[in-house]
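Q: The chain contents come next:
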Amino acid sequence: MKIKNYYRLPSGVQDLLPDECYNLNLIEQKLAKKFSLSGCTQVQSAGLELYDTYAEIKNKIPQKKMFKLTDSDGSLLVLRPDMTLAVARMAATRLDDVPSKLCYFSSVWQYPQTGGLSIREIYQAGVEFLGVSNPFSDAQGIAFAIECLEEIGVKDFIVDIGHVGFFKGILEDCALNEECVEQVRLLINAKDSVGAQALLLQQGAFESAVNALAALPTLFGGVEVLSRAQKYTTNQTALSALSHLKQVYELLKSFGLEKYISFDLGTVKDLSYYSGVVFTGLTKSLGSPILSGGRYDNLSDDFGKHVPAVGFAMGLKRILITLERQGSLLPVPPVDVAIVSEPDAEALAYQTYQTLTAQGKRVNLFTGDHARMQSLKEQGITLLLASKEGVKEI
Amino acid sequence: MITVALAKGRLAQESAALLKECGVDADVVFSDTRKLVLESSDGQFSFFLVKPSDVPTYVEYGIADIGIVGKDTLMEEDKDLYEMLDLKFEKCKLCVAGFPEMKKQLTSSHLRVATKYVHTAKKLYAARGEDIEIITLHGSIELAPVTGLADVIFDIVQTGSTLKANGLAVLEEVYDISARLVANKVSLKTKADVLLPLIEKMRERV
Chain A
1 MKIKNYYRLP SGVQDLLPDE CYNLNLIEQK LAKKFSLSGC TQVQSAGLEL
51 YDTYAEIKNK IPQKKMFKLT DSDGSLLVLR PDMTLAVARM AATRLDDVPS
101 KLCYFSSVWQ YPQTGGLSIR EIYQAGVEFL GVSNPFSDAQ GIAFAIECLE
151 EIGVKDFIVD IGHVGFFKGI LEDCALNEEC VEQVRLLINA KDSVGAQALL
201 LQQGAFESAV NALAALPTLF GGVEVLSRAQ KYTTNQTALS ALSHLKQVYE
251 LLKSFGLEKY ISFDLGTVKD LSYYSGVVFT GLTKSLGSPI LSGGRYDNLS
301 DDFGKHVPAV GFAMGLKRIL ITLERQGSLL PVPPVDVAIV SEPDAEALAY
351 QTYQTLTAQG KRVNLFTGDH ARMQSLKEQG ITLLLASKEG VKEI
Chain B
1 MITVALAKGR LAQESAALLK ECGVDADVVF SDTRKLVLES SDGQFSFFLV
51 KPSDVPTYVE YGIADIGIVG KDTLMEEDKD LYEMLDLKFE KCKLCVAGFP
101 EMKKQLTSSH LRVATKYVHT AKKLYAARGE DIEIITLHGS IELAPVTGLA
151 DVIFDIVQTG STLKANGLAV LEEVYDISAR LVANKVSLKT KADVLLPLIE
201 KMRERV
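As given, the protein sequences belong to chains A and B, one line each in that order. Counting from 1, one number per residue, gives the positions in the first sequence under our numbering. Counting from 1, one number per residue, gives the positions in the second sequence under our numbering.
FYI, nobody ran anything at the bench for these hints, they're computed from the structure. The model shown is predicted, which means the values in this text are computed figures rather than measured ones. All residues carry an ideal CB built from backbone N, CA and C; glycine is no exception. Hints should not be assumed to be uniformly reliable.
As the list claims (entries may be wrong) - Selected chain B positions facing chain A (Cβ under 8 Å, derived; list incomplete):
no. : residue
1   : Y61
2   : I63
3   : E83
4   : M84
5   : D86
6   : F89
7   : N184
8   : V186
9   : S187
10  : K189
11  : T190
12  : K191
13  : A192
14  : L196
15  : P197
If we strip away everything but chain B, and leave its shape as in the complex, we get:
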């Protein structure tokens, strides 16, 4: 039996559609149920629908053999696993955004960066040798520069319409984001007979 961790929501639907194309009996993912573990009718696959940020955890511990989740989540969670494929859907960019012209300030302070990608932002600015102050937020990140809570935001941008509506702009596109297929390091070897042909089929389709 192969266990698959999927990120709840649209990503799970798209992932299940791709798995179906590759011959996996993934219909159960589309069913309207409150069950947490969904078993395919042929008994070959078992799916967990979890919060996106929990997908890498389930895969790292080997509770799920494979998982499908966004690259942004993978960078933020930074787990020890194999990143097998770029599935090329759910594309967006992880950007630094703010007012096109930053207001000149006389009092110097650290750049204040509002984000929910705390770990990724810390790593990015540390690699650049810049001291910043991270302001952790969990939603409506764009509000931070508008209200003066932060100088810039570090967040995913899909269409940019929210930024525009609030007078903000993308200052730097840092990472290309898309859905990725990840695998547990041991399962890939010990369940290679099922996983390798499946990954090959997925590779052909993306």
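Looking at chain A on its own, in the form it has when it is part of the complex:
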């Protein structure tokens, strides 16, 4: 017999059933309020875009990572692979007066890079603070990330901060070719000092630069990392990255947020995409980041306008898993009132339903199904019986 499986889903995508969806909605409501209170306006971008939008720009998304489709005229389309690029495109090409803060709730689709963690449709909430590039706007972005995680009730989290300028500066001193830079970045990002050192020596990089790069994977921890890092380099780009981080830290400290902050100069995310501060939200409850962001001042240049920006996105599925592990998810609450209508009392039942919902009560309406009543009563729902004699509680 042929097994019927046409109703299954492709791998890496999921349905959300009522209990999960209810909790997702609670998170979205809290975030939407938070975003609005801090002056963010919401945008939505198209889910289908032209392949060229992401392939012709300087900060290309690797072709292998994008879901591609063919349009009816033969041109290549993609499912939106990244929200930050989509917002940068909108800000540069569609908005004359760039508002200072945009936010979104949207999905992105990407083929996973490595074997594990195979979710391919990622639902995110995020913000982009546009137009300003200074330590204060970086601190504001990081502070807002902390506010958001607190607002939705995530416990025991830290925000781990780095700066791509430190790594870029040290690389300047190495004079490596582009391909080699990418290899080194991947090794440093995996904290593989052994591998990075071997590669650099093989490429004939200067010893001082090799030592600095080999130390990168160990340069993480509290704020003392910044002074520790200073000893490894005399490069101006690297040093100014450190002093920038110091300023951001002082601001966060003055906001009273230093307890959430740790540093990692070995976080070297995509170099062409990020231009300054990078940060990641981490919690003990989950082995992968729940929030990721940074500064990307040159991202919109490819779309014809220079709009400096700092922003972050939260993976809402990962946040749901975190909240569940921390015991903070709620079951869907039952309705407040159930009205059971006897035959010929439907009009009265419906009228009662309208009156009650107008008062903000959540109401379910049944006809004649007395068998269900006992179980409703057990759930603590107020039961009303509508009959020719009127409405009475039972």
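Following the hints, put chain B in place on chain A, whose structure we already have.
A: Only chain B this time, still in chain A's reference frame:
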């Protein structure tokens, strides 16, 4: 509590010995038990003994905070995690081996490479721009060139005695392999208070 994934077998014993030297109560790893989760008597550490190729998976997902496994397994599994230390034990080499003189063939075909390191071999030859045919085997890889199933093998070589006994030789030493300490990317930060001093102690000892 810190969770540790160890590769079953000799590697686990050596790893536990190193952890003990660094002050971790790892005695439980040496006990003869069928339990899958072994908790240290002080309740600070919990060990999983798993197949070597599963160590990176447990660490990537953060179920284990740290793990100890061979570099060959790390390259083959290619997971997103931090490689913290070269522990310098269980050393060997990942090599291409075959008959010292390959038989000349008139019919041209792809180089046939027999290996259990399928992903690593694909990456290696792709980086060199060579088209090869990978023949996946799970054991006694040396048999493949001897019986004509493959031209060469890509496998770990410790002493080389099996190769020699079958008339084969190492053609190229490609990677140096040894045991590595790996860490979950988030745990390293969120459990830094315990993990960083431990890693420092291990660094001093290797």
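Q: Does each hint hold? Answer for all of them.
A: Taking the hints in turn, this is what the structure says about them:
1. Y61: OK, holds: Y61 (chain B) within 8 Å of chain A, min 5 Å.
2. I63: OK, holds: I63 (chain B) within 8 Å of chain A, min 7 Å.
3. E83: At 4 Å from the nearest chain A Cβ, E83 (chain B) passes the 8 Å test, so the hint holds.
4. M84: holds, 6 Å
5. D86: holds, 5 Å
6. F89: violated, 14 Å
7. N184: holds, 5 Å
8. V186: Since chain A brings a Cβ to about 5 Å from V186 (chain B), closer than 8 Å, the hint holds.
9. S187: holds, 7 Å
10. K189: Nearest chain A Cβ about 5 Å off; hint holds.
11. T190: holds, 4 Å
12. K191: It holds, given that the least Cβ distance between K191 (chain B) and chain A is near 7 Å, below 8 Å.
13. A192: holds, 6 Å
14. L196: holds, 7 Å
15. P197: violated, 11 Å
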